[in-house]
Amino acid sequence: MTALQTGSSQRVTGKRLLRREDPELLTGEARFVDDLYQQDALYMALLRSPLAHAKIISIDVSEARKMPGVHEVLSGRDLREEFSAPMPCAWPVTEDMKNPPHYPIASDVVHYVGDAVAVVIASDKVAAVDALAAIDVKYEALPVVTELEEALLDRNLVHPSLGTNSCFVWKLEPDRAGVDQAFASAAHVVTNRYVQQRLIPSALEPRGVLAVPHPYGAEYTLFSSTQIPHILKLMLSTTLGISEAKLRVVAPSVGGGFGSKLNVYAEEVLALALARKLSKPVRWTEERSEGALTTIHGRGQVQEVELAADSNGRITAVRVNILADMGAYLQLLTPGVPLLGAFLYHGQYDVPAYSFTCTGLFTNKTPTDAYRGAGRPEATFAIERSIDSLARKIGIDPAEIRRRNFIPVDKFPYSSVPGLIFDSGNYEPALQAALEKVGYAQLRMEQEKRRTQGSRKHLGIGISSYVEMCGLAPSKVLGSLRYSAGGWESATVRILPTSKVQVTTGTAPHGQGHETSWSMIVADRLGVSLEDVEVLHSDTAVAPFGMDTYGSRSVAVGGSAVYLATEKVLDKARLIAAHKLEVSPEDLEYSDGMFKVKGSAEKSFALSSVALEAFTAHDLPDGIEPNLEASVTWDPPNFTFPFGTHIAVVEVDEETGDTRLVRYVSVDDVGNQINPMIVEGQLEGGIAQGVAQALYEEAAYDEQGNLLDTTFIEYMLPSAVELPSFELASTVTPSPTNPLGVKGVGEAGCIASPPAVINAIVDALSPFGIEHIDMPASPQKVWSAIESSRGDGK
Amino acid sequence: MFPASFDYAKANSVADAVSILTSVDDAKLLAGGHSLLPLMKLRLATPSMLVDIGSLSELSYIEDKGDYVAIGALTRHHDIQNSRLLKSEVPILPYVASQVGDPQVRHRGTIGGSISHGDGASDLPAAALALDARLVLVGPTGERVIPATEFFVGFLETVMSPDELLTEVRVSKFSGGWSFQKFNRRAQDWAIVGVAAVNDGNTRVSLVNMGPTPLRASAVEEALMGGASIEAASKKASEGLDPPEDLNASSRYRRHLAEVLTRRALTEALG
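The listed protein sequences derive, respectively, from chains A and B. Its first residue numbered 400, the first sequence is counted upward by one per residue in this note's numbering. Its first residue numbered 799, the second sequence is counted upward by one per residue in this note's numbering.
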């Protein structure tokens, strides 16, 4: 399909509409967890281990108990009986995957700096924090494992009971012999090692939780700053043995997540456990430095990537071997993150032989998990850096080598060797558009001019042509990957007696603007005004079934469910209208809120009248239930495959290593766009986040496992000042996988941008013979590379 | 993050502030709070009392005193950045002020606070050094005027005694060249290395974040006086210094940056 189906002549989809969510967010009216008033709430504070690996010898809480305002101080041992099951990991990627025991609070051994060892409950926040200092913990330090290559050696063990640091080995080797053969007969082989540094997600709103018990009903409501109220409810029910029927989870306004709130956290489990134990509301809001230590980190991989190519630069095989950092424990999806990239290491290229191996390893560091892009930025970086490396080796322009390798447009739907079916794609036009927009030929001339003039400010141009898989996901495929849940999404559309429309969705927006986009989809299909559509979400009592928001899935899966539920409700309305008009339903056409008899302009029946008829139920056709309401649970038949080409232009000062992004062009194909302004917002943020990985951010640890950048003074989140205005454009190749022709855009920006930036830096530094710079390409790293290239050791 | 508990007193005058400082152990002055409060929130500073001088409007001024400009200690960076008098008579100072932190910091932070905090990584103390500023201190026994070159003595340590208050910064007018080179990764950050140069017949060079205190690059100044070229003098930028190491820069990289930035600063100031 090429365009969204509409029942309105005043189409709103495709328009740049302001988001309806924004006024309350921008004026401070929106309520986040920490803003919620709760009478008699107690405040929780956690004492955290200062050591990365240690035995807890003793915990003395007697002094802390005496502090003013303190209600209770408990150690891990005191709380052991509260938990019915360990912290959940929903993605056991292999049958023999090792999952060490992991509880919300350590009782015997701590495994990373930040692991909780004791909890204070006090009548106010400050009293709780002050009392932490009065708890006396004696530790016996144990050997610490921080680096992946060191972890692999198993000399020191993070979890001695497992006998190894290896969590799993996961292989995707459809034709191993074919790969070996391709390498043996290759005209060119490039082998590269890349490091995906750890990143701290840094959502604007820190995590927070408020657990409210209703002691007489034995019921609980948990408010959490989460992306996954539905999954969280299910998991809390398991970990704490609370009946699912007695638990309600609400995510109020949530200030961003980037995957970091796609998790079940110790504090959520603890707050609810303590609320149950004390029969009092318990609340906790993360401090920023605490979050740096205890909210999951992203990335954390060492990649070895090999490409084999023929003499024309056609890639004949990709062989990838990665080490993935799990951190100290498995969180909800930790082991599965590399799998989300495992199928994409050939990128946009038609590669006949493919092999991927991932070894998951434990380290004494904060657990990792899904962070914007989850597995796909890593894969994209590997192939897009490698293809540049190949181009340089053979002496082909980076744009040209990409053209030679693109999956041709007539091969779509394309069955990839790793086993996916790319539903649609057309890569060459996006590359061409990006090259033209950036003025590629001219930039190359400018670059050459600077070089011949001996300028110390070098220009670099970096291309990244990416494809990703999102719209998670066909439940069957998730099952085959041993993921513990499905990938469907649910929606309900109700037309109320006054013909206002109420939509409930199982998605859980935390900045994505679903209220705006979903109402646009519904308003268009029904031909009603946008203001007449309300969208309810993120409360398990309002929308009981949902798979929540992550993996750029919401519009492709949740938006499609909303669309299909609208169709379904319209089908019912058509039966009622036909009954009232005494015609057959097939004789009716629908537009702008009216059912009209085909070929008879006067005979019509308004949707608003149908709504009232359905409500009063005085005269409904036989077998038709009262009310206009329909629910759909949509399980997509495939992933979606957004793609595009991004081009970064950097300037590098060879004297200082100062590296600045001066231009950034992107051409993205995310299929049909419901609201292009939201699409652009997602791309802008995503690109900035990817540029941040390339140039600025890194969760840096010392050898003892101490995180060194726990404040925004040290942790280099860039601001708008450091970034140029991005120059965005798009092509539109609708996805045939869903009825909206959409693909998802939440992660595309940060999947594409890191290799574009690093390719640009390496391109700028090519006169020095520099082949690679690890991320983040800080000025010191760039300067050191230039200095070593000169070999003068200055 | 919460600071440890502390007492609070609001000073009604300079004399009032001094008298509180004299009578309370471990009291600290609170002006803009942009250095002190973050340290308190991280519990790296735990003063017993904060003496708030934020409302002493008599300490916020920029006045023409003939051959020098007097700047009240509570003058905000933003006001220095936009002062016409300073822009025409001491132009390096408004420029340096414009490079401090972000707009919020510049609207709250004060020149007196920045200088008396004595942070080797801050921009304004280095500017004060390059300008040979004089600092007016008021204590229980009266007033004294200290040259900036004698003011900074150690890591976050100055010659001020705990019961003294910096009230005024005096900077001489000059009509020569100047330069301030600030190298950082993000606009809002402290300098990884910074270099200020002022040329009013004599050339003075000072360094940001090259040691425990704001520093004068004496070796560079002496080399220039001895007739060395800019290139040669710049090579002495880190002579005798032991620059700090952090996530952004090794000691060695800082030395290198100091040389490059000094050369650039001198080229601009002497050009």
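Hints should not be assumed to be uniformly reliable.
Going by beta-carbon spacing under 10 Å, a handful of chain B positions derived as facing chain A [unchecked claim]:
(1) Ala802
(2) Tyr806
(3) His832
(4) Leu834
(5) Met838
(6) Arg841
(7) Ser846
(8) Arg882
(9) Ala985
(10) Leu1045
(11) Leu1055
(12) Thr1065
To be clear, the hints were calculated from the coordinates, so they are not data collected in a lab. C-beta: ideal position from N, C-alpha, C; glycine also.
Hint-by-hint comparison with the structure:
no. : hint    : in the structure
1   : Ala802  : 8 Å, holds
2   : Tyr806  : 15 Å, violated
3   : His832  : 12 Å, violated
4   : Leu834  : 15 Å, violated
5   : Met838  : 13 Å, violated
6   : Arg841  : 9 Å, holds
7   : Ser846  : 16 Å, violated
8   : Arg882  : 26 Å, violated
9   : Ala985  : 4 Å, holds
10  : Leu1045 : 6 Å, holds
11  : Leu1055 : 6 Å, holds
12  : Thr1065 : 13 Å, violated
Of the numbered hints listed earlier, those contradicted by the structure are 2, 3, 4, 5, 7, 8, 12.
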